[in-house]
Amino acid sequence: MQNVDLNKVKKEKNMKDLLEFCIINLDKPSGPTSFGTDLIVRKMLGARIASHFGTLE
Amino acid sequence: MHRNKKYVGVMRVHKEIKKEKLEEEIKSFIGKIKQTPPVKSRVRREEREREVFSWEILEQDGKDFLFSCEVQAGTYIRKLISDLGEKIGGAHMLELRRVKAGIFSEDDENFVNLYEMEKAVKNFLGGDGKKLGEIIISGEEAIKKVLDVVQVSEKCLKKLYNGSPIFREFLESEIDSDKFAVFSGEVFIGVYKRKQEGNILAVPEFVFI
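Protein chains in written order, with this note's numbering: chain A, 1 to 57; chain B, 1001 to 1209.
Please note that the accuracy of each hint is not assured.
Stated by the list, open to error - Stretch by stretch, here's where chain B covers chain A in the computed footprint (C-beta under 8 Å, at least three residues): (1) 15–24; (2) 32–45.
Claimed, not checked - Sample of chain B residues with no beta-carbon within 10 Å of chain A, all distances over it, derived: (3) HIS1014; (4) PHE1053; (5) LYS1087; (6) SER1105; (7) ILE1137; (8) SER1138; (9) LEU1171.
Source of the hints: derived by calculation from the structure; they are not laboratory data. Note that the Cβ used here is the ideal one computed from N, Cα and C, for glycine as well.
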């Protein structure tokens, strides 16, 4: 068996669990739409779903 | 997010006006106001009441005014400015930035832009998840901040996941509000609405899977 840092493995698993259901307080740039920004975030995280709370105006 | 919002923006007035005069005009829009949603909106276009908690002019540059305002959810800022314009010979909004929505603010430690986020994700994929860990807010924690929590027993989970309403025997804590988050221990089950009907105490608004 290889030397595995159990703490590291545990931490990363926790992070993946967290990423399953989390919120990011994001500074949306003025260019892309809210939906466009969802898409960018979704690709970045390889997430199934990304959404936003309310559009501006 | 049906919570108060805070904005910073720029409006342009169509006729020269002194900052003091504009500040005087703005006063009549603070407090409870009537507003009709704009043509481009997702809600019914009928007059409704909203509350403006504050509205201040921060800076003037000719006919452009930098302002900040805090309003009730569902208040249209572009509309607010055009309604103000009716009184002062016209005004429209040039720019708008939301700086606070309910429990989320641009002053928070975890507030990031897309570049910072991308870097944090890259670091995480490279084995260093420290930054990403600081940025992401657990959904469960956020829900606990905005809704009351009602605990149910593990035994009833199968029923709840099948869309069952909540019955007395499911509960491990009391229901104190009309809308609440249901948890079984640390597991978030869904959002429920109080509805007393026979033995039913509440019905699901959505169940989280």
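We went through each hint and held it up to the structure:
Given a C-beta distance limit of less than 8 Å, the hint that chain B covers the stretch 15–24 of chain A holds, as 7 residues qualify and 3 suffice. As drawn, the stretch 32–45 of chain A meets chain B at 5 residues by the rule of a beta-carbon pair under 8 Å; at three or more, the given contact holds. For B/HIS1014, the requirement that its beta carbon stay farther than 10 Å from each beta carbon of chain A is met, with the minimum near 20 Å. Distance check on B/PHE1053: its Cβ is at least 18 Å (rounded) from any Cβ of chain A, clearing the 10 Å threshold; non-interface status holds.
Non-interface call for B/LYS1087 relative to chain A: holds, since the shortest CB-CB distance, roughly 21 Å, exceeds 10 Å. With a least CB separation of 8 Å from chain A, B/SER1105 falls inside the 10 Å interface cut-off, contrary to its annotation. Listed as outside the interface, B/ILE1137 is inconsistent with that label: its C-beta sits roughly 4 Å from the nearest C-beta of chain A, within the 10 Å cut-off. Distance check on B/SER1138: its Cβ comes as close as 6 Å (rounded) to a Cβ of chain A, failing to clear the 10 Å threshold; non-interface status is violated.
The claim that B/LEU1171 lies off the interface holds: its Cβ sits roughly 24 Å from the closest Cβ of chain A, which is beyond the 10 Å cut-off.
Hint compliance for this structure: hints 6, 7, 8 are broken, all remaining hints hold.
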